[in-house]
Amino acid sequence: MKFSELWRVSSKVYAELSFQSIFSLRAGGMLPQKGQDSIRKLVDSAKLNTVISKLLMTVFIAVFAFAGFFSTTGAINVPGLSKELTMVGTIATFMALVLFLMSFMGIQVSTSFVSSKVVAVLSPLPLSSRDVSNIIFLCFLRIFDIPLLTAAVAPLIAYYFFGGSLLGGPVLFVGVIVTEIFSVTLCIGLAKFFYSKVTSGGGRSRWQTLMRFIFMIFWVIPSFGAYFAVNFATYLIQLYAAFAQTFSSYLYLLVLLYPFSYGFLASYASFPIGVELSTLGLSIVSCLVYSLLAAYSFRWVKNTIREVGAAGAGARLREVVKDTVVSSQAPWLGIIRKDIRLASRSPSYASLLFLPVIQTAVLAVSFSFFVSVMGLNALLGFLILISSVVLLLPPNLISLEGLAASYTRSLPVRKKTMILSKTLLTSIMYIASLMVLLVVALFFRGDVASVLTFGITNLFSVAAAATSELIMLTNKLWRESPAVGNMYAKLSSYIVIAALGLVVVSAPIIGAFTALFFAPHLVFPVFLVLALAEFALTMVFIGSKK
Amino acid sequence: MQEIGVRVSGLVVNYGSFIAVDNVSFTVKVGEIYGLLGPNGAGKTSTLKVIVGLYEPSAGAIEIFNTPISDEVAAKSQIGYVPEEVILLDSLTPREFLEFVVSIRRLDRDAVNSRLQRLTSAFELKQYFDTPIAALSMGNKQKVAITAALLHEPRLLVLDEPLIGLDARSSKILKELITFHAKKGGAVIFSTHIMEVAEKLCTRVGIINRGKIVGEGTVAELRMLVKSAEGSLEDIFLKVTEQEAGLQDIIEALEEE
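Chains as they are written, first to last, in my numbering: chain V, 1 to 546; chain G, 1001 to 1257.
It cannot be assumed that every hint is accurate.
[Unchecked claim] If we take Cβ atoms under 8 Å as the criterion, some of the chain G residues that face chain V in the derived model are:
id: 1; residue: Gly1053
id: 2; residue: Lys1076
id: 3; residue: Ile1079
id: 4; residue: Val1102
id: 5; residue: Arg1106
id: 6; residue: Leu1107
id: 7; residue: Arg1109
id: 8; residue: Asp1130
id: 9; residue: Leu1247
id: 10; residue: Ile1250
Note that these hints are calculated values from the structure, not bench results. Just so you know, these numbers come straight off a predicted model, no measurement behind them. For every residue, glycine included, the Cβ atom is placed at its ideal position computed from N, Cα and C.
So that you can see chain G by itself, here it is in the shape it has in the complex (with noise of 0.2 Å):
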């Protein structure tokens, strides 16, 4: 039986009075990458900022490689996450806060240098690393939290929205990165806006809407729910969502202006 890296069980998170995710469950197996895929205000990032620990959730159990995520410590340290909008120490370097990070994950000084060093390279990063975040770009920045993600080696990658801001050659990488964490045993869990990024990319799909998930699966499973053998996923996004209708009708509006 393969592993389960991520299960949501029943959550609910409320914000005041209004229901952001309203009784979320799904599974993310080890080796798979799943993509949370949702209008905006959906739920998605709130689902992964209670998988992450960021918030309490009002109901529901989440576990990260069977360790119930109120046992902090432990469900963090196996978790990189890339937050969509990345507010970071701006004040310092990326070298400073990456000792942070390092410190606070106790890893071995040199096995993090030798992963540092190729991640780095990989995403441009050298040049700024004694910068104030503050002083950077918003894809260099995404750059320092992608790093941070992924210096201990993570079981369990949670990213929101990581392409956004990058350029060609970092988002290539970042995918490839993706897919190898995948096939070497972890497990991924994203969400984005970009419906052929999530096609080519994610093993399964959960589209989430009004904060519940109304489809999942794989492309092909979603297609059978839609009932269209040739869709696209955006064009399964949208009859799931119900943000088909009127569509053509409002684009022809706009032009007519």
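Chain V extracted, bound-state conformation (with noise of 0.2 Å):
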């Protein structure tokens, strides 16, 4: 099949990739109640939402791109780098940003890749083999179409623009390709891995639950990497000139180390006065094995993707069970027990769970020098960044009730069961949050009784302004359908839920804000005050409900 007919088969199979994941995994097969409109409506906008954030994702690439090349002609003065190791660390910087970031969006739409059964449907049409392979390896290459695009081009663009050299841009242009390449197979590696050992092999024995979770924690892994390259890409680089200052006799160990061998041929080709003839010939050989490397992984992805792509749909061997003995519990924490155990099995829904402490170690971590000069301050401050992503988890609980809403709206849930059972886990890893702070805290020797004091009370509003929304959710759940809660299907009615929510969790921060400024020893009193009338508030709204 030539390639132009294997791309405009593959826009078919990602247009029907696109519906399933919102009338299956979102809708949970609740959509043929909605008239033919409003499921255009909903596809619409599902589209719409997925486009902007492809588009976010290429701004912010290009953005970045933009600023690391300004950096290297020497107009911001990086303490301690010259500009050639400026650049090896801009070139190394952006290229763990585009993996982690090409990984993270891979790896959070694998799961509707599988359970669409793509194989299933492309493998009954006089298709060959090969051809449904490259179908399917275009089909997810359409995933990250635009930002894979911008990826690959915004950085040589920027690199010329800011006086690169002929040389360097190959160079550039080949080590941000072996990236991209690398990040497909880290997604398809991991969806192979997930599925054939977690998904579709079940099990629970405590060993297979403790893999299930080291799997679970495998998978945020790029996650993490993300959220830690996106938000602390000038960190790195202030490290990785730390690193160069102190160990400057081992850099050329880094020559040999992925992403900085691109760098470093990078900057010789840029700057080739003084260079020295190891280093170059050190660094030229290990991007060349970087790139075998990468032709393989390629080759490894096309012909594994297919065996992802059917995975939903693959045969098991019978399995030796030794009972059929289940465990009955209170609804509330069925349906604690529920959610975890659907979120890890689905990379997207186990790194929104981790995200908060994931957040919160990170930032802990980086700003624990200001925590303990600046006290109170910081410590409120940062109080209202570890909530507002606690509070990310309400909405993407209740999307969890999308999954076989077909047939789990049939069980006798109570609403208010519904409510409390969400707000208890979100409240849980606001706790899980708020242990990762206090170790930190007592690690740097901040100050752990504020920490404490201010943590436990304001888990009082967390749990309020994850109620508030939950009640808001669950009204449009009940009235409309389960699809509402999924932020990327109704991204406006999000924005008002999460708004809500944020407004009720820094109510009682901006009280003890305020109380700083005019009467400093009832801070903690207006705080504690704040939180827990809106606690009672919101309990006793629930308590009226059904």
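Combine the two chains into a complex, taking the hints into account.
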């Protein structure tokens, strides 16, 4: 089949994939109740949101590329780094950013990719296995199309725009292409590993449960990497600068390490005067090795992607099952256990569940210095940051109810039980984040007492905010359809709900800030009273519901 | 007087401007197996989904053992439902899925486990109990849904095409279970395209076409309706739904090709 035909067919498969991810995953098969116009609106809105998220990522990549190469002109002075080493750091950081962002994006969609069973649709058609693999591969690439293209072109333009050399451009371009291949390989590798070991390999032994937990952590790593690279790119360059200063004699080791190899080679091509031949030789060899590895990875991905696309349809061996005993718990606990189990098998939900903890760890470590020096101001700001990320959870936990809604909505679940169970899970994740903050505070000898008192008090406010979000979400969920819980399906509703949560969680903190200026001795009482009042109000409201 | 298990009055279901169910009314008494028959897209599944509380009706009222469906928790607690298209929580195993259902329904652990053991043994589900639902065949997914529907010994069974995908053995067991459930004082409402099954199993049938009930009663009563003394339920169905006319011509035209 010609490439143009493959590309055309892949567009149909991609359209089906997008629709399936809305219909089966997000709406749980509930769409038929809607009229054709409403379904079209929902699909259009999901498509628009996909384009918006792609464009946002594209803009981010482009801005980062230009800002990065602007620093290599010498306009921004990175302490301790020559312009040669600044370029190495910029290119390496950019590549790390692309690697994690693309992996993060790929992992988020890989569940839809598998559940759509694209191979099952394509296989009966008169297509060769090679064509099927190619179509699936192109379909997978379509998920990243604009960001992938931008990541390849934007740094090149930025490099030449800020006076790069003729030879440096191709090195940079190859480096970015290698990075893109590595990110797709990481996605497919994790998906293959995950679906063979976790999703299609059940089991209930402690060992299998532990393995599932470990795989879940693996899933979250690219999300963590993306988050870290996006938020702390400059911090990474500073780390690199510190390394370069402290271990200057070991810099040649860095030449062997991806993505620094490409950074060094591009830097040597840009500033050829005074280059040591030995390190130049090392960087050329290591770049060649990584490029060969990328070529091999590309072939592996093309051959493997078909397996991943068929993972959901794979036949299973019969397992030895000792008994059919099930445990019964209170409904609220049953919902929490179900949510955790579902999240542990979905990369997008797993990363969202862990995001508050990861964010707290990263922020706490990087800002621990400021917390100890600036005290209460910083701590209160810190609590807003953690809370705002924690409050991303309720809409996502509600969207979990969209899965299999065409069955689960026939179960006798009370709205109140649903709200309280999801509030509790959100609060647990906040407590986990608070624990991380506490450990960091202990390690850096920060103000542990303040972290404890304000952190625990803020829990009431977080619970109140989560409950408020959940009341709005369940009101819509019960009236419209579970698809509304999914932020990608209805961004406008989501923004309103998220804003409400943010207002509720910020109110006691703003009150405490105000008290800090006018009556510093009343900071904690004001904070406590406001947080408790919010919590009490929402609980009274929930108590009045059926 | 026989107790009413399901009372549907003046039910209307709209999808945008399309009217899927148009002023449908019927009752299912305790001890009855009520078959809902109709061509594709006639409104059977929409009717059943409203009965189990999945869809909101545009108009009309539904009562489950005198409990209005608006009293969601009380009404749904009395229903065991098997959907037409079995979309369950695919990444969970049957054990995990049933644990969720059992928790939501607040079932007693010992009672439920003894019942579960019998059901899994009857439907040969034990070997798949720790395999993710995503990896199960359609028939086995159907068995998981049937098990979940029967676990709490519901008073009303709502089964939407429950025999599709089931092997002969499981199909036979399910039919026996349905009959037993009705004899024990439960009510059953189920949709099917298999006329022979409906004819053998159902106490009464309702034939729905283009959203309206066009015929209702026992098979004998329906025969009287179409003025045919010997016709099978399939013949009656084709007559009532006006699908008989020209059918022979279509078959002949296809055979000529």
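We went through each hint and held it up to the structure:
At a threshold of 8 Å, the smallest CB-CB gap from G/Gly1053 to chain V is about 6 Å, leaving the interface hint in force. With its C-beta approaching chain V no nearer than about 4 Å, G/Lys1076 sits inside the 8 Å limit, and its interface hint holds. Interface restraint check for G/Ile1079: the shortest CB-CB distance to chain V comes to about 7 Å, inside 8 Å, so the restraint holds. A least Cβ separation of about 5 Å between G/Val1102 and chain V falls short of the 8 Å threshold, and the interface hint therefore holds.
Interface hint at G/Arg1106: satisfied, since its Cβ lies 6 Å from the closest Cβ of chain V, which is below the 8 Å cut-off. Nearest Cβ of chain V to the Cβ of G/Leu1107: about 6 Å, under the 8 Å cut. The hint holds. Nearest Cβ of chain V to the Cβ of G/Arg1109: about 4 Å, under the 8 Å cut. The hint holds. This hint holds: G/Asp1130 has a C-beta 4 Å from the nearest C-beta of chain V, less than the 8 Å allowed.
Given hint, G/Leu1247 at the interface with chain V, is violated; its Cβ is 28 Å from that chain's nearest Cβ, farther than 8 Å. With its C-beta approaching chain V no nearer than about 27 Å, G/Ile1250 sits outside the 8 Å limit, and its interface hint is violated.
Against the hints set out earlier in the document, violations occur for numbers 9 and 10.
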